[in-house]
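Can you make the complete structure from the sequences, with help from the hints?
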Amino acid sequence: LTVIVGARDLEKGEKAAQEVGAGAHAIQLDVTNEASIAQAAALIRSRFGRLDILMNNAGLAVQKKAIDMTREDWRQVMDVNLDGVWYTAQEAARRMIDSGRGGSISGWHRPRWRSRSMACQSMRLWAPDARPDGSFQPM
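Residue numbers (the working numbering): 656 to 794.
Worth flagging that the hints you see were computed from the coordinates, not collected in a lab. One or more hints might be untrue.
Unchecked claim - Computed beta-carbon distance windows for the label pairs:
#1 K720 <-> D664: 37 to 45 angstroms
#2 Q673 <-> G704: 20 to 28 angstroms
#3 F703 <-> D723: 27 to 35 angstroms
#4 R726 <-> S754: 36 to 44 angstroms
#5 A721 <-> T657: 37 to 45 angstroms
#6 E727 <-> I752: 14 to 22 angstroms
#7 F703 <-> E674: 15 to 23 angstroms
#8 V717 <-> K667: 16 to 24 angstroms
The C-beta atom is built at its ideal place from N, Cα and C for all residues, glycine as well.
What follows is the structure in structure tokens.
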């Protein structure tokens, strides 16, 4: 089993990969940047052959009261927790379809992260696309 940990901070990603154990590798990945997502997917394909499962778990929370959040705070949260999850799933689905094998796309969230909850619900949209036969198998 090979596990790829994508992280903006490669040092933190490498630490997380060590915690996962043997067969885990870290790569640079910024889910707020579509070019970074495409580069990470290409790297996975070239180094590991294919992508079978995407577990979207990038997320952040601004530690402020809602009334004190700025537009920039809100945009940062949405860029990671919603847009980043969407574009990462989109790229993974393309790679899975191209492989002819399909795959699984899922997400993880904490209940209090409403934007992550919305993003995880969007994962249901990708499930049929990532399988060669268009079927849905929830994770």
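Exercise. What hint numbers does the structure not satisfy?
Worked result: 1, 3 and 6
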